[in-house]
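Engineer: So the protein sequences, as listed, match chains A and B. Its first residue numbered 1, the first sequence is counted upward by one per residue in the working numbering. Its first residue numbered 1, the second sequence is counted upward by one per residue in the working numbering.
One or more of the hints may lead you astray.
[Unchecked claim] Ranges of calculated distance between the beta carbons of each label pair, as one might list FRET restraints:
1) B:Pro61 to A:Gly207: 37 to 47 Å
2) B:Glu460 to A:Arg371: 48 to 58 Å
3) B:Val128 to A:Leu14: 53 to 63 Å
4) B:Ile292 to A:Gln475: 52 to 62 Å
5) B:Glu367 to A:Glu154: 47 to 57 Å
6) A:Gly207 to B:Gly469: 44 to 54 Å
7) A:Gln475 to B:Gly469: 56 to 66 Å
8) A:His193 to B:Asn2: 53 to 63 Å
9) A:Arg371 to B:Ile292: 46 to 56 Å
10) A:His193 to B:Pro61: 52 to 62 Å
11) A:Leu14 to B:Tyr174: 55 to 65 Å
12) B:Leu94 to A:Gly207: 56 to 66 Å
13) B:Leu159 to A:Gly207: 26 to 36 Å
[Claimed, not checked] Negatives, chain B to chain A, calculated, CB over 10 Å:
14) Thr171
15) Ile208
16) Ser320
17) Pro485
By construction, these hints were calculated from the structure, which means they are not laboratory data. Ideal placement from N, C-alpha and C gives every residue a C-beta, glycine not left out.
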Amino acid sequence: MINVLLWAPLAFGLLGLFLPRRAAGPWAVLGSLVTLGIAIGMVAGFDSGSAALQYTESTAWISGLGVDYSLGLDGLNLFLVLLTAVLWVGGITFAAFREYSRPKTFYLLMLMAETATLGAFLAQDLLLFVLFFDFMLVPFYFLFGAWGHDRTGEGGLTASAATLKMIIYTLIGSLLMLVAAIATAILSADGGHITFSIQALQEQGLGHGSQQWIFWFFAAAFLVKMPAFLLHGWMPDAYRAAPLPALVVFSGVLAKVGAYGFLRIVLPLFPDATVEFQEAILLIALASILYGSVMAFTQTNVRLIAGYSSVAQLGFITAGIFALRADGSDGAILQMVNHGLVVAPIFVIVALLVERTGSEDIREMGGMAMRAPVLAALFLIVALATLAMPGSSNFVGEFYILNGLFQEKIVFAFVAISGVAMSAYYALRLYQGAMHNRPASRQGQGLMSREIGVRDALVLVPLVGCIVALSLYPQLILERTAPTVEKTVAKVQGAEAPESRLATK
Amino acid sequence: MNFNEPHIDYAGISPLIALTVGLCVVLLSAVFKPFRRSAPLLTLVTLGAAAGLLIWQWNDPKSLITGALRLDDLAISISLIAILTAAFCVLLSLRERATEEAGSGEYHALLLGSVLGMVLLAASANLVTFFVALETLSIPLYILCATNLRREGSLESGLKYLIVGSIGSATLLYGMAFLYGGTGATNFAGIADGIARNGLDGDPLILIGIAMAAVGLAFKTSIAPFHQWTPDVYQGAPTPITSFMAVATKAAAFAVFLRFFDVALGSQLDSWQPALAALAAISIVVGNVGAIGQDSLKRLLGYSGVAQAGYMLGGVVVASESGTSSLVFYLAAYAFMNLAAFSVIVARERETVFGDDIRAVRGLGAERPALAWPLTISMLALAGLPATAGFIGKLYLIEALVEGDYTWLAVFIAVGTMISLAYYLRVVAAMWMRPERETIPGGTPAIAGAAPEADPVDPEAGRRWYLVGPAVFAAAATVFFGVIPQPLVEFASHAGAALF
Chain A
1 MINVLLWAPL AFGLLGLFLP RRAAGPWAVL GSLVTLGIAI GMVAGFDSGS
51 AALQYTESTA WISGLGVDYS LGLDGLNLFL VLLTAVLWVG GITFAAFREY
101 SRPKTFYLLM LMAETATLGA FLAQDLLLFV LFFDFMLVPF YFLFGAWGHD
151 RTGEGGLTAS AATLKMIIYT LIGSLLMLVA AIATAILSAD GGHITFSIQA
201 LQEQGLGHGS QQWIFWFFAA AFLVKMPAFL LHGWMPDAYR AAPLPALVVF
251 SGVLAKVGAY GFLRIVLPLF PDATVEFQEA ILLIALASIL YGSVMAFTQT
301 NVRLIAGYSS VAQLGFITAG IFALRADGSD GAILQMVNHG LVVAPIFVIV
351 ALLVERTGSE DIREMGGMAM RAPVLAALFL IVALATLAMP GSSNFVGEFY
401 ILNGLFQEKI VFAFVAISGV AMSAYYALRL YQGAMHNRPA SRQGQGLMSR
451 EIGVRDALVL VPLVGCIVAL SLYPQLILER TAPTVEKTVA KVQGAEAPES
501 RLATK
Chain B
1 MNFNEPHIDY AGISPLIALT VGLCVVLLSA VFKPFRRSAP LLTLVTLGAA
51 AGLLIWQWND PKSLITGALR LDDLAISISL IAILTAAFCV LLSLRERATE
101 EAGSGEYHAL LLGSVLGMVL LAASANLVTF FVALETLSIP LYILCATNLR
151 REGSLESGLK YLIVGSIGSA TLLYGMAFLY GGTGATNFAG IADGIARNGL
201 DGDPLILIGI AMAAVGLAFK TSIAPFHQWT PDVYQGAPTP ITSFMAVATK
251 AAAFAVFLRF FDVALGSQLD SWQPALAALA AISIVVGNVG AIGQDSLKRL
301 LGYSGVAQAG YMLGGVVVAS ESGTSSLVFY LAAYAFMNLA AFSVIVARER
351 ETVFGDDIRA VRGLGAERPA LAWPLTISML ALAGLPATAG FIGKLYLIEA
401 LVEGDYTWLA VFIAVGTMIS LAYYLRVVAA MWMRPERETI PGGTPAIAGA
451 APEADPVDPE AGRRWYLVGP AVFAAAATVF FGVIPQPLVE FASHAGAALF
């Protein structure tokens, strides 16, 4: 079952190469729907009371090097897998209603990206994780570079240059992570049999000195991916270059792989270093919240508003994880799903706005709600969810995160709260700028607005439906993640920073 | 009078006999008119026979010719890589201008001579065979580089390689003299004994010998700072020969690097290990930085080869079984990755007027997917991205390095790989991401810069089976061993077990 889930998208993509061009889009939609169906089936069959891995699969892959092909689902990755499946359906369906050149290759790459992302979430072998984590970049490299937008006219980069920048940034982290992963396995084997199994490595443990540098190698990879403040240099160019269907899934899911990596790998494998560097990571997280929020309300390009808001949101999620308390991490997982579900529709809406106004500048938009009330209503729901309106699932997520943070690091929590306030500002600014305030300068010109079409509604309404459903019942996620999260966080709470050890002497 | 007939293990030397006989037959075939066109086929048959005989000897290590040669799995695996590369070279040389100008028989005979040298070198366990094999390998290559008689670049390349190669050989020979002087032995095991017996641990005589031998081998494997010839010679030589040089020479030279340093000089580990590690690090930096901004694909692969040699040297540095295995694995992966790229370059060289300039592959994705995919896979694999043999190779090497306490060199490999993305992905971007090619100049190549080929354009070269076939095969192997690496890992671990 878990194998089918992982490889179904790629299989559909490869088979699609043998179909006529026109069938490529619908076929890809079918592929993503089948994957979604399997994912839903697995969520339904998931034993919510257990903290153990379920649907496990494990065979030796490269026995000489100690690498296993092992997969599994637990509370940490269950809903991220589901999120992946949902957003890919959205992204591919959105693309299928539009014309893309070389469609067969395009959909092959989209589906390949889905397999790679699912692989990163499902992998229970450290090296397999690194492999999928790196491999995710390959399809996106081609999608962004070959189907992206050149921005040389606006003083930006060409699509291929922007993508290259993204690849180099993200691989800087990933390659160091490869070295760190291998070092983890060899150092903790200590001359014995080398294994990369995450569970076995947890039991073996690692010396404190090694944990320190290995922690930063992993953190670098994950923080670049998110992206966190100071490591976000690739983000504006890549977001402006990306074709929108790819960006929907990219911003919705890929950033979460980084945050997920902290929970899956860093906390359980390097508990001492995690405690030691907790405040350093929290500082980076808070800087991301502040910087992302400020940038989100000064940017005028709608893609970048959404992009920088993601930086802020991911900062929030990281802060939740590094509260190192169960409620913080619970909230972080919930918030990962929430953020994926709001950022994807935002990019779909951005695409629709751009199609109607011909510009990505928020100053050129406005007044669209008059002609397109349904679109405006959908947008409003998404915007309110983004700003974590009480009653929304995002509110619950942020509440959990802040709750965890308050109990652990109260100063950090106060700064983080400002992020909540600022998110209200940029979410409403985006909504109002696009939908209401018609700029005076353009008052006389005809309004280039029309209602959302049935086809696009097919993409947008289900996504918004997910937001609403989750707002009504966030327990769906929380009760399934809680057991695993408690187990993970317990690892860290048992660990001690060297200072405290000194203090007891 | 008693005459002791020496025992000769004919089974053991059968691959050498096959290659020698084949060489003579190919050379003579040029003389007889009815066989004039059959040199490529005869060469392939010879290579196939030699490969078959080598595989027959697999897993049956033995010393040959009173210990001058040692045919173990390391020697066999490296020889097989060399033979595979030579077979690719034969296919890529079909209808190559250089082949016709030099005479097909002579060209292929020289190629076989070089392969013979490689097989000898990979098995050599004695200073004399070591040097003789190295020259047998090199001298035909000097000539082959210059076979494109009407191109100045080709002649220059041959001459440059000859001069630099001779300096390398001379340095090596001088180093050997020191080692022989100190230990009184020529075979590798004897040298190790001699060092221990004569109390030469850390003796300046031995150290000078080691240093000079290392420099000589560094010339052959194009390790920086002894790499300066590499880009020029690669660019000037006929492209099929470049591919052969890039892959097979490197493999054979690394085999002897391993055997010489790990067997003969194993006791002097502390003196040469840091030095070789430093050379590896320098190579990684110099190669990767040098490749950035190269417009000629052959030069680009030349510099990339310098960097890759730096990665591979790591396998020698750690002097362990896993180091040796990882090096052999990497060499095999490197062979597939490079051969895919060179096959595409040969095809585009004949098809367009741009020679090996990066413009020759612009828009290839839309125009010739059967060529674009292999080159793409090759570039991604060289950059070490997952799902390719290149990734597994790096994983293997890094694992060996971390195990051998050379984690800093592993970090160097990671950093080098990051830099390398800048130029590997530039090639990929040219194929898939630029707008379609602006114009194809009709007749005269009005371009300056890299390799203005005067070769007649064969507009169908991109469809020829003997060019597309090797490209697709090598790329498929690169992906196959990236997804199912186990067979190649076992192959390599046999080779590693041969030395330790």
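Engineer: Could one say that the CB atoms of A:Leu14 and B:Tyr174 fall in the range 55 to 65 Å?
Structural biologist: holds, 57 Å
Engineer: For the hint 46 to 56 Å, verify it against the beta carbon of A:Arg371 and that of B:Ile292.
Structural biologist: Taking Cβ atoms as reference, A:Arg371 and B:Ile292 lie about 52 Å apart, which means the hint holds.
Engineer: Take a look at whether the Cβ-Cβ distance between B:Leu94 and A:Gly207 falls inside 56 to 66 Å.
Structural biologist: At 58 Å between Cβs, range holds.
Engineer: Honestly, do B:Leu159 and A:Gly207 meet the 26 to 36 Å range at C-beta?
Structural biologist: With a Cβ separation near 56 Å, B:Leu159 and A:Gly207 fall outside 26 to 36 Å, so the hint is violated.
Engineer: Is B:Ile208 truly not at the interface, in the sense that its beta carbon sits beyond 10 Å from all beta carbons of chain A?
Structural biologist: Consistent with the label, B:Ile208 stays out of reach of chain A, its closest Cβ about 35 Å off (over 10 Å).
Engineer: Is 52 to 62 Å right for how far apart the beta carbons of B:Ile292 and A:Gln475 are?
Structural biologist: holds, 54 Å
Engineer: Is the claim that B:Ser320 lies outside the interface with chain A correct, judged by CB distances over 10 Å?
Structural biologist: holds, 12 Å
Engineer: When you take the CB atoms of B:Val128 and A:Leu14, is the distance between them in 53 to 63 Å?
Structural biologist: Holds, at about 55 Å.
Engineer: Beyond 10 Å from every chain A Cβ: check whether that's true for B:Thr171.
Structural biologist: holds, 34 Å
Engineer: For the pair A:Gly207 and B:Gly469, does the Cβ-Cβ distance stay inside 44 to 54 Å?
Structural biologist: Holds, since A:Gly207 and B:Gly469 (Cβ atoms, about 52 Å apart) stay within the stated range.
Engineer: If we take the beta carbon of B:Pro485, is the closest beta carbon in chain A still more than 10 Å away?
Structural biologist: violated, 5 Å
Engineer: So does B:Glu460 sit 48 to 58 Å from A:Arg371, Cβ to Cβ?
Structural biologist: Between B:Glu460 and A:Arg371, where Cβ atoms are some 57 Å apart, the hint holds.
Figure legend: structure checked against the earlier numbered hints; hints not met, in rising order: 5, 10, 13, 17.
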